[in-house]
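Q: With the hints as extra help, turn the sequences into a complete structure.
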Amino acid sequence: MTRGQKIEERFFKVLMFLSTFFILAILAIIIYSIFEKGIRSISWEMLTEIPSGGYYYGKGGGILNAILGSLALASGATVIAFFVGLPVALYINVFLIRHKKIVGMVRFLLDLVWGIPSIVYGAFGFTLMIFLGLQTSLLAGTITVALFILPIMIRSIDEIVRTAPIGLQEASYSLGSNKSETAFRILTRQSVSGIITAILLSFGRAIGDAASVLFTAGYTDHLPNGLLEPVATLPLSIFFQLASPVPEVQNRAYASALVLTLIILLVSLFSRGLGKRYHKTKINF
Amino acid sequence: MYILNRQQRHFVNSSWMIISLLLVTLLPFFLFFGLYLKSTYLLHDYSVFDLIFSKTWKPASGQFGFYPFIVGSIWVTLLAMLFTAPVCLLTAIYVTQYTRKIVLRIMHPAIDILAGIPSVVYGLWGILVIVPFISKYLGPLFGIKTMGYSILAAAFVLSIMIIPFILNILIEIFRSIPMELKEAALSLGATQWQTIKQVILKKALPGIIAAFGFGLARAFGETMAVLMVVGNVVKLPGNIFDPGYTLPALIANNYGEMLSIPRYDSALMFAAFLLLAVSLFFNLIMHFFIVKYNKY
Chain A
1 MTRGQKIEER FFKVLMFLST FFILAILAII IYSIFEKGIR SISWEMLTEI
51 PSGGYYYGKG GGILNAILGS LALASGATVI AFFVGLPVAL YINVFLIRHK
101 KIVGMVRFLL DLVWGIPSIV YGAFGFTLMI FLGLQTSLLA GTITVALFIL
151 PIMIRSIDEI VRTAPIGLQE ASYSLGSNKS ETAFRILTRQ SVSGIITAIL
201 LSFGRAIGDA ASVLFTAGYT DHLPNGLLEP VATLPLSIFF QLASPVPEVQ
251 NRAYASALVL TLIILLVSLF SRGLGKRYHK TKINF
Chain B
1 MYILNRQQRH FVNSSWMIIS LLLVTLLPFF LFFGLYLKST YLLHDYSVFD
51 LIFSKTWKPA SGQFGFYPFI VGSIWVTLLA MLFTAPVCLL TAIYVTQYTR
101 KIVLRIMHPA IDILAGIPSV VYGLWGILVI VPFISKYLGP LFGIKTMGYS
151 ILAAAFVLSI MIIPFILNIL IEIFRSIPME LKEAALSLGA TQWQTIKQVI
201 LKKALPGIIA AFGFGLARAF GETMAVLMVV GNVVKLPGNI FDPGYTLPAL
251 IANNYGEMLS IPRYDSALMF AAFLLLAVSL FFNLIMHFFI VKYNKY
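If you read the protein sequences in the order shown, they are chains A and B. Residues 1 to 285, numbered by the numbering used here, are exactly what the first sequence covers, in order. Residues 1 to 296, numbered by the numbering used here, are exactly what the second sequence covers, in order.
To be clear, the hints were calculated from the coordinates, so they are not data collected in a lab. One thing to keep in mind: the hints can contain errors.
Unchecked claim - When the alpha-carbon atoms are kept at most 27 Å apart in a straight line, the in silico BS3-like pairs for lysine-lysine are as follows:
| id | chain 1 | residue 1 | chain 2 | residue 2 |
| --- | --- | --- | --- | --- |
| 1 | A | 6 | B | 145 |
| 2 | B | 55 | A | 6 |
| 3 | A | 100 | B | 55 |
| 4 | B | 292 | A | 6 |
| 5 | B | 182 | B | 55 |
| 6 | B | 197 | A | 13 |
| 7 | A | 101 | B | 101 |
| 8 | B | 182 | A | 13 |
| 9 | A | 13 | B | 145 |
| 10 | B | 292 | A | 100 |
A: Structure, rendered in structure tokens:
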């Protein structure tokens, strides 16, 4: 090895170390600045009250409307996406397992849909809403977000279900069960931990997205009280409060961002913990 | 215990599965035609060429020129890719080829957290950190007076947002390269860096291109974070310290008034349609690179 080659390798090694370090440092800086700014302005009042009269000029109140609204919307969307997504993931792994080409095409289509930006879902949800004669509402927002997280849900469940060995299905058939029983009773049980991870992943995506609810969910200072009423969401409450010229309101945006980040960190922590816990029902081969 | 017998349950469950599958596979077509139909009102009166290349945006007087937004989007996206591509590539090589498994075990949760942070929070962080940094330090350094809300700020925030996305694919690709290939190169006397440069990178090239392509498509459609730091001024940016406007930001900013001006809603739906078309196009092309990568 010549001297030049040695220097080249050394140089790139340092560069590679620096980029890895840079990514970790950026993550630390982001988390630190969100926490540092947020903790200063967060209070019990913010978490437990809805905005009062002069809230957007710096008077009292909180963001309970947005917290509850976001939770309701994200849970609803996750439930819908789960009930549409689980059967699809099972179908392509049980009924279509011999048709590799069709399965490949479905997966490809899902990846395409996954790549579509959320603002496009927002715009589509808006046209759908007008078409169905709905107003901006919890229902319209939930449906839009459900469409948006559907590919994420299906592909994550699919990734886990496809790792189940074919022998498991064969054993189930040999005991006399039919395909749908094999799908819903055997494969689902085998993949419980992965399915929980998929649900939590989709939930995290649903609660953090603003562009898709901007058109469809609207915004309100009241607590969510019905499917056909507009609903406040956390990302939008951050966005609107940050746009205010009043410093107190901007500080509350930082606090709201802290709340949202904490919810998402908790969800991802849970998904790691729960994933490990439900290994009991899994048969190891 | 059950209301239905086994055959009936099988029938119900199977139909539930097939209906869901149909719904999902038709979703992209619904999206495509839904947005297309909505934008036909606009396309009826203007040609696509005029819309894309005309520079005036005055919806009130019926002038819809998307050129500034398209140019803004392209600037922001390409600049973000320029920042993020080398960092991701170097990191992916480092954690898969040089370090022990433990580093990868630290990186995975870090990537997950970066991917999980919502775009509004990235935007807020951009306003808190990046925008003041550009207006106070970076701008004066180049002798330019800037507010900080600029193409550069948007590109920087965006470049961080797409790191987890690109890095995940790159790590997968480097890990899937067969060990024998590396061993063969090493046994012929190549150093580790030579092996990486001349064997691994060559083998992984279609995969790397695909990873960057997917990242590009993702960056092009990112809305909230960009909207919050890009400045939202409708004009062609002269340099990267100028404020700009992007297509997704255009849609998100104007949803409130779009029903009050004729053809305005149709124009915004056309913008969404453009985004959808770009996203589908890029993902389609990159998919073929991935297929090519898997074939060798």
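Q: Give a verdict on every hint.
A: Here is how each hint holds up against the structure:
1. A distance of roughly 44 Å separates the Cα atoms of residue 6 (chain A) and residue 145 (chain B); the hinted pair therefore is violated under the 27 Å criterion.
2. Proposed proximity of residue 55 (chain B) and residue 6 (chain A) is contradicted: the alpha carbons are some 53 Å apart, above 27 Å.
3. The suggested pairing of residue 100 (chain A) with residue 55 (chain B) is violated, with an alpha-carbon distance near 48 Å, which exceeds 27 Å.
4. Restraint check for residue 292 (chain B) and residue 6 (chain A): the C-alpha separation of about 34 Å exceeds 27 Å, so the hint is violated.
5. Restraint check: the Cα-Cα separation between residue 182 (chain B) and residue 55 (chain B) comes to about 53 Å, which exceeds 27 Å; the hinted pair is violated.
6. A distance of roughly 12 Å separates the Cα atoms of residue 197 (chain B) and residue 13 (chain A); the hinted pair therefore holds under the 27 Å criterion.
7. Only pairs whose Cα atoms come within 27 Å are accepted, and residue 101 (chain A) paired with residue 101 (chain B) is rejected, the gap being roughly 35 Å.
8. In summary, the hint linking residue 182 (chain B) to residue 13 (chain A) is supported, as the alpha carbons are separated by about 18 Å, within the 27 Å threshold.
9. For the suggested pair residue 13 (chain A) and residue 145 (chain B), the alpha carbons sit about 37 Å apart, so the restraint of at most 27 Å is broken.
10. Between the alpha carbons of residue 292 (chain B) and residue 100 (chain A) the distance comes to roughly 18 Å, so the proposed pair stays at or under 27 Å and holds.
The structure does not agree with the numbered hints 1, 2, 3, 4, 5, 7 and 9 stated previously, though it agrees with the rest.
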